[in-house]
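Just so you know, the protein sequences line up as chains A, B and C, in that order. According to this note's numbering, the stretch in the first sequence is residues 1 to 71, in order. According to this note's numbering, the stretch in the second sequence is residues 1 to 350, in order. According to this note's numbering, the stretch in the third sequence is residues 1 to 251, in order.
Calculated directly from the structure, the hints in this document are not laboratory data. Wrong hints could be hidden among the right ones.
[Stated by the list, open to error] Taking lysine-lysine and the DSBU-like style, the derived pairs with C-alpha atoms no more than 30 Å apart in a straight line are:
1. B:Lys289 with B:Lys230
2. C:Lys236 with A:Lys29
3. C:Lys196 with A:Lys66
4. A:Lys10 with C:Lys14
5. C:Lys199 with B:Lys203
6. A:Lys54 with A:Lys66
7. A:Lys12 with C:Lys189
8. C:Lys14 with B:Lys200
9. C:Lys7 with A:Lys25
10. C:Lys193 with A:Lys25
11. C:Lys193 with A:Lys54
12. B:Lys203 with A:Lys66
13. A:Lys54 with C:Lys7
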Amino acid sequence: MARGKPEIDKEKCKGCGLCINVCPKNILKMSDDFNKQGVAYATCIDEDACIACKFCAQMCPDMVIKILQYA
Amino acid sequence: MSEKILMKGNEAVAEAAIIAGCHHYFGYPITPQNEVPAYMSRRLPEVGGTFLQAESEIAAINMVFGASAGGARAMTSSSSPGISLKQEGISYLSGARLPAVVLNMMRGGPGLGNIAGSQGDYFQGTRGGGNGDYRTVALGPATVQELADLAVKAFDIADQYQVVVMILGDGFLGQMAEGVVLPEPTNKKFDKSWALTGAKNRKANIVASLRLNPENALEQLNNELQEVYKQIEENEVMSESYMTDDADYLLVAYGTSSRICRSALRALRKEGVKVGLFRPITLWPFPKKELAKAAEGVKKVLTVEMSAGQMIEDVQLTLKGGKDIDFYGRTAGMLPDIDEIIRRVKSYGK
Amino acid sequence: MESKSAKYEYIYEKPNALREVKTHYCPGCGHGIVHKLIAEAIDELDVQERTILIAPVGCSVLAYNYIDVDGCEAAHGRAPAVATGVKRVHPDNIVISYQGDGDLLAIGTAETIHAANRGENITVIFVNNAIYGMTGGQMAPTTMEKQVTKTSPYGRDVSDVGYPIRACEMINTLERPVFIERTSVHDVKNIIKAKKAIKKALQNQVEGKGYSFVEVLSMCPTNWGVDPQTGANWVKDVMVPYYPLGNFRDR
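Pulled out of the complex, with its shape left as it was, chain A reads as follows (with noise of 0.2 Å):
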């Protein structure tokens, strides 16, 4: 029963990584593939466990994740 999901733009993901350790439900995971800068992006393996804590967008240097919630 998700509260919200993550919104990543995987193109401006620089794939530093910071915001898979901070999930505290672990649904973060870098991908396999690459985007157009050639960097694995982070992507939310399970958004059905999304609890819109926010904690990834506030550790991203880059703005690249959005947090929806649902009402």
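Fit chains B and C to the given chain A structure using the hints.
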């Protein structure tokens, strides 16, 4: 404002700056210009302005950078070694297209030197000691009156062209007290829509000399600067030609040196020697056309400076080897001797 | 299963005062986080139209390309002097001096101390990443003991070049500053505290209270030669014990 009052050069230039609407002054103590910050510290609070004794000459020029970026008329003053410290700031101001007035009351150098007046910073003031292809307008007043008048003009030139204007006085001029009629403000207004005032109802302004993008952005800025300097060369040259029409010999000098030359000239003329005086007032742009005209028909030129010979290079460049140019100068605050000038000019006739 | 077509709203997105541009900062660099926090504070205090940002010489030399307010460059180390000039001309504007290690604690030490000592009503944000980033990783006044950098290849030898300088503690010896706090951006808990401190520091200026200083410990993965997460861990494990986090002054 038309009464004549007795004022020290350093105080007259400060009052003139305030008259010109400069209400932000940042300086640091260094002899022989200490009266400038002291005077500003008293007067600026009276007009609701800012006086700050900065932590160094470097901090002061950077405070000028900030104040000018904010759109205000701002000024700093120092003497030779302190002006050396300001070179980076002057380059930054020039690249960022910021108007500013910098007063240098020159003293003996190089290095710590001494505290007597000199003209040893002509190269520094006209060639620039900061990095890059920039020019500062350089003014060489010769009297306390001229110092005051040029101070008012300096702010207008700075604002009109968005450049740094250096006033190159010497220590004697700063310390001398003469009768002066304080100038009137010109009340000219200049476009400062580029200034940093808070981006309300407009796109944000950026003040910077850094130009990285696109690849030719810095070249474009430099082309713009060269165009501005060309305009200044065409419109802002100032000089005085005194008794040059029939002159056989020509004295070339600026500032305090020119006053000594003027006295020598009077003595020589009394003895029937036809000598004239050419006095640059803008040291940059150097009055080339005017000097060339004054030198027409002249048999020999004597350049007199309170230095080892700096302005003489501009004289040589202007006259391009077409005239015999002699030099007489004294360094380190030693005043050129009237009798020596008279002796030299008389010796040319032999 | 919750219907995904239920209404939703964005609860975290780009602040208005941050431009929609990709920054040149390295992956995992703390500058991006700090820029974001400043932009959020500007939005929340509604001062975007009043703010003037002084950028330093350093990796954040182009900060004014990222934060959408009037921007001004400053020669290396002179940002507090430039900020002083701007603020004295425009006392009602919000003037921010954003600086790094070299700017604040090496070439600019005098300007740093004297703007603070005069109590200029400005906000200084100091990003401390224990290294000179822009020029490729030389030793900074804040480089840790034994830390290897391009100009301390055997590790910082304190018997030769002294210990790292603690900016907050130094400024805390002066009378006039009203707010001094050290924060960090190595994890979310501290990012939230950093945001609070930055916002308070700006609010102080809005209220005309005086000089506010916020130090932010930050990662520099590229010049530390580590991946971003390892960098974040290093801030926590090595920097924080030497540069204690917390508020030093809050008048």
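Structure-based check of all given hints:
no.	hint	in the structure
1	B:Lys289 with B:Lys230	14 Å, holds
2	C:Lys236 with A:Lys29	23 Å, holds
3	C:Lys196 with A:Lys66	21 Å, holds
4	A:Lys10 with C:Lys14	15 Å, holds
5	C:Lys199 with B:Lys203	24 Å, holds
6	A:Lys54 with A:Lys66	8 Å, holds
7	A:Lys12 with C:Lys189	24 Å, holds
8	C:Lys14 with B:Lys200	21 Å, holds
9	C:Lys7 with A:Lys25	23 Å, holds
10	C:Lys193 with A:Lys25	22 Å, holds
11	C:Lys193 with A:Lys54	15 Å, holds
12	B:Lys203 with A:Lys66	26 Å, holds
13	A:Lys54 with C:Lys7	18 Å, holds
Hint check: no violations occur; every hint is consistent with the structure.
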